[in-house]
Structures are given as structure tokens and as C-alpha cells.
Amino acid sequence: MRILGISGSLRRDSHNTKLLRAAAELVPDGVELELWDRLRQVPPYDQDEDLEPAPPAVAALRGALAGADAVLFATPEYNTSVPGQLKNAIDWASRPPRTNPLRNTPTAVIGASTGAFGAVWSQQELRKVLRSLGARVLDEGIAVRHADRQFDVEGRLTDEVLLEELRAVVGALVGSVRERGLVAA
Amino acid sequence: MNTLAQTTQALPTGTWEADAAHSRAEFAVEYMGGTFRGAFSPFEARLAVAEDGTATLSGVARAESVRVQNEDLEAHLLSPEFFDAERTPELTFRTTDIRRSGETVDVDGELVVHGRPQQVHLTGAVRGPIEAYGQERISLTLEATVDRTAFGLNWNAPLGDGTPALANDVLLTAELYLVKR
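Residue numbers (our numbering), protein chains in the order written: chain A, 1 to 185; chain B, 1001 to 1181.
Chain B extracted, bound-state conformation (with noise of 0.2 angstroms):
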């Protein structure tokens, strides 16, 4: 194995924090057939490498965070009928395994919402490291897709067909700018 190749299956040693402006949580869901998306603003994300390579991405989100283009939406997501805000304040996640192969990444970690955790597997992209004006920045990009009533986020209405109006299955999207600390 080469220098190079070497270089891109590993994660940068170090801690590196996401650059909340550039930095983003979202999720989309299809609703009434089109698709409805949402995003937690701000979020923390961490990812630590050790030296010997062994590496943790965590991140946390408040509920009170979440994001949709309509107050009166944020409001009903914020409901005992979705996060339950009031008795789940926050949603976490945290990598049990991180596999870097070139410039993808295959991630497994439990997302915790609603208070109820779950594994899941997300993958994606990673860029980096690349110094920018004094700083050190990895990009990494992840996605999956998780049943939301495995969290006990039940609520749907059906169509006039009788069919629901929610789909179960929503995309979660990281697009992560890690600064070095």
C-alpha cells in the first residue's frame, strides 16, 4: 500500500468541530405527494480521532431547534404528537463504527429520538483534510434513510383514498464542515 492510499483509509487524527455556519441537519419526508423537509438549526457535531485511529462522531440537536418554513408546523412538530419537546428536549447521535474507504465513509451509530434509540447505518462522502487561513477542515456528508415510527413518531391522516398522507420513511442529511480544535 502506498503513501497516499494509506492516508485516504484513515480519519485525520484530532477533534474537530462542525462550523455551525457552514454545517447542516436535515430531513425530508414525503407528504400529500411532494416532499416535505426540515432541517435542526443550530446542531452540535464532534468527530475525535485518536492516534491509533479509533474515531467517534457524535452530535446533539434541542428539539426546540427544529426547523420548517411555517411557525405554526414548528409548533405542532414540537407536540406530545411528534418530538414531545417538554419530555425529550434534545436528540443525539453517536457512532458505534466509522469505515473509511478513499472518499466515502460507512457510519453505524445510535440515533436517539423522541427518547427511543435506534441503529442505523448511514453513509456518504468525506473531503479533506484541507487548510483553510490558519485552519484545518475536513468535509464529510452522510445520509440515511429511518422509519419514523421506530421512534414512535406515529402521527399520519389519511388522503381521500384512504391512503396516508406521511410516508414512514425519512431521509436524514448531514453535510458536515469540521473544523480542527
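Only chain A is shown next, with the shape it has when bound in the complex (with noise of 0.2 angstroms):
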């Protein structure tokens, strides 16, 4: 089973993207979480620009979205909502409606931010985009408060119990992929 984790955040030291790497150490055998690194790469949504050939960094992401299994999204909140390039390629990747590369996808979204609401208003934002493009969104995420105090120096989240629900959330992904049936184990 394969996890297409997303950052929304481009940073180098990204919170969000830190928080993805522990979510990849959570994952049960037989399961890998891999990180989407082109975010950055993504062009503005034109329509004019919206054929076949895509452009290649959009063609990558819904090649990378077609093959995954799951997907689960880290934002930050920008300006209480969802940072502009994430939704930019959540919007290629929409394209087009019917048969877009997220429709059915067990999807989940969790979230890191340096203020004390762990990107909440942002999180809630992404499920409601996700789920009007046809993607399976699960109510499960975890929001991290003060992100900045909550990895080590070697980005490693240090919290038990945000581990824990990060863990569950982690199962929940999966277990949504499993109820759907389209992978044995």
C-alpha cells in the first residue's frame, strides 16, 4: 500500500513537512508513506494551460496521486486558510472532474502551526476542498500547537501523545484503503 504524503509548506524547515516524516516512521508493515517534493514546481492554474501535454510538474502530481493508494496533506494556515501553491495544485489535480486522480481517495489532512490552534481553520478548509473534488476525506486529523517546540533538532516530533494521535490518524488511512478494498493487505 502506498501513502502520497503532501506538504503544504515549501519551507526548507517545514513543520508540516517534518510532520509527514514522522508520520512515515508510523506506518504499519507492509505500508510506505512517500513524500511529494515538487510542490514548488507547480504552475499557476490556467486553463489556457489546462491540456494534454499538462505541464510536466502537473503531470508528475497526478501521476503521484493516481498511483497512491492514500494521500494525506500537512498544511500550515495562511491568513486562516489554505497556503496558495497547496490549493493551486489541488486544483490542477482536480482537473478534470470526472475522472480527477483524487476522486474516491482515502484522504486525510493534519497540520502543524506556530500558533496555538495547530492550523484548525486551515485543516477544516483542505477536507472541505478535498471533499468537493470527489476525494474520501476521513474527520480524523491532528492539529500541532507551537510547532516550533515540538520537533527536535533533528526534526523528529517529540510528543507522545501528539505521536499517538498521529499514529491513529495514520491507521484510520489505512484502514480506509483496506475497507475499500482495492488492496488485500
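Hints should not be assumed to be uniformly reliable.
In silico contact screen, one side only, chain B against chain A (beta carbon under 10 angstroms); selected entries [claimed, not checked]:
#1 Leu1073
#2 Leu1078
#3 Asp1084
#4 Glu1086
#5 Arg1087
Computed list of chain B residues with no C-beta within reach of chain A, every gap over 10 angstroms [stated by the list, open to error]:
#6 Glu1051
#7 Val1068
#8 Glu1110
#9 Gln1119
#10 Arg1148
These aren't lab readings, by the way, just hints derived from the structure by calculation. Glycine included, each C-beta is placed from N, C-alpha and C at the ideal position.
Can you join these two chains into the complex? Each is in its own frame, and there are hints to help.
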């Protein structure tokens, strides 16, 4: 089983990217979580450019999503919402609506912010967007508050409670894939 | 009771199937101050009336056959947020009771949408049978109002004043032109 991890932050030392790396350490046997690292290369959505062949980074994104059994998004919160570059990439991925690679795909949203709420509004908005384009979005998520204090110098998530919450989200995502019945184990 | 009255109290014996070209199964729901309408096309419906007068009306539609006037909205309706066509690909209906009185008809039945069965009551009109070019035909029109949330179709979004954009009550209408097999 393959889970694709997409961080909504482009920053080198992104808390959300670290959070996805922490999630990758918590997947059960037989499951791999691979981070998609080409978000920066996705051009601005332009319907005039939404043709075949798609721009290379868009084709890569669509291919990576199509090859994944599940997707785990980790998003920061910019102005109470989803970072523009992440939303832009999702807009590319959502076309064409009836056959986009996120349709029916088990998807979970988690988030981290340096504030007191852990990107909860952004997570909520991202779930809304993903549901509207047909993804099978889990209600489960985690909000990593004060993210600048939650990772050690090597970028590892240290809080035991958060680690358990993250393990539960990953477990629910794996369960959703198995429930969908397209993967044997 | 005279012969005419007896005739109009019973549905005509036989197996009757919906003529796809002339039948419709539609829904209408209030949305943002207007009415949003859609249909299922194609769909199948069959009325079976036994010699003893026992009648069963049944129908089935694929979720994928939902038709609204926008491709993006159709895709949204098929998603897990609405009909979840991947998990629950069919919508079905089957009567538990049909009562005819003259040209009016009362129907009780079980409607399954989104995998959830609900008892519904429909009312309508029946005409016929008539014979047209070698075919016996009956017209049956039915309608019912159902609460979509009873089927787990819970999507909504608040308008600026906080009221929900989409109503819960959905008007279902069926116009069936049934041909005797």
C-alpha cells in the first residue's frame, strides 16, 4: 500500500514536512509513505494551459496521486486558510472533475502551526475542498500547536500524545484503504 | 358497484415496463433561494400486477445516471459527499402497497438511496390502459417529499446570514409510461 504525503509548506525546515516524516515512521508493515517534493514546481493554474500533455510538474502530481492508495496532506495555515501553492496544486489535480485522481481516494488532513491552534481552520478548509472534488476524506486529523517547540534538533516529533494521535490518523487512513477493498493487505 | 367502477379500482393485470423515451425520474430541492433540479436517466421501472390484483412497482437507477445541467455538479453528486457512487452504485425502490381509487393512486414503498432504506409514501395519478399501435400502455405519475438527511446526504454550506444553502426536503417525481410485456 502506498500513501502519498504532500506538505503544503515549501520552507526548507517546514514543520508540516517534518510532521509527514514523523508519519512515515508510524506506518504499519507493508505500507509506505512517500513525500511528494515538487510542489514548488507546479505552475499557476491556467485553463489555457490545462491541456494534454500537462505541464511536467502537473503530470507528475497527477501521476503520483493516481499511483497512491491514499493521500496524507499536512498543511500550515496562511491567513486562516490553505496556502495558495497547495490549493493551486489541488486545483490542477482536480481536473477533469469526473476522472480526477483524487476521486474516491482515502485522504486525511493534518496540520501544524506555530500558533495556539495548530492550523485547524486551514485543515477544515482543505477538507472542504477535497470533499468537493470527490476525495474520500477522513474526519480524523491532528493539530500540532506551537510547532516550533514540538520537534527536536533532528526534526523528530517528540510529544508522545501527538505521536499517538498521528499514529491513529495513519491507522485510520490505512483502514479506509482496506475498507475500500482495492488493496489486499 | 358497476363494471366501470370495478375496473377503475384495480390496476390492470400483467407486467408493465417503463418506456425509457417517455418516462422520467426527477428530483427538485430548494437551493440558494431557487430550485435545483435533476434527473436519473436512464432508469428502469416495472409494474407487476398478479391475477389476484396484487401489485408491485419496482425501480432501479444507477447513481452514475444522475443528470444535472453541469458536469462539475454531476461529479460532485457522485462523490462520497453525496451519492457515493463507488460504494453505493444503485438507487432502488420497491412498493409494499399500492392502492388505486379511480385515477388517483397511493403508494407505500422502500426507497434505498446511498445504501440506506427508508419508507416513503407517494401519491399520484394513474391513467389507462390504452392501446396505441398494438401496445397497451398505462401512465403513472407519482410524487413524494423525502428528507435527504435520512439517507445520509448531509452536505450543506451556510449563506451569508447563516442559513443553509441547500434544503433538506427533496421533491421526487416520477412520470412512468408503462408498456405491457
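Hint check:
no.	hint	verdict
1	Leu1073	holds, 9 angstroms
2	Leu1078	holds, 7 angstroms
3	Asp1084	holds, 8 angstroms
4	Glu1086	holds, 5 angstroms
5	Arg1087	holds, 8 angstroms
6	Glu1051	holds, 45 angstroms
7	Val1068	holds, 13 angstroms
8	Glu1110	holds, 26 angstroms
9	Gln1119	holds, 28 angstroms
10	Arg1148	holds, 16 angstroms
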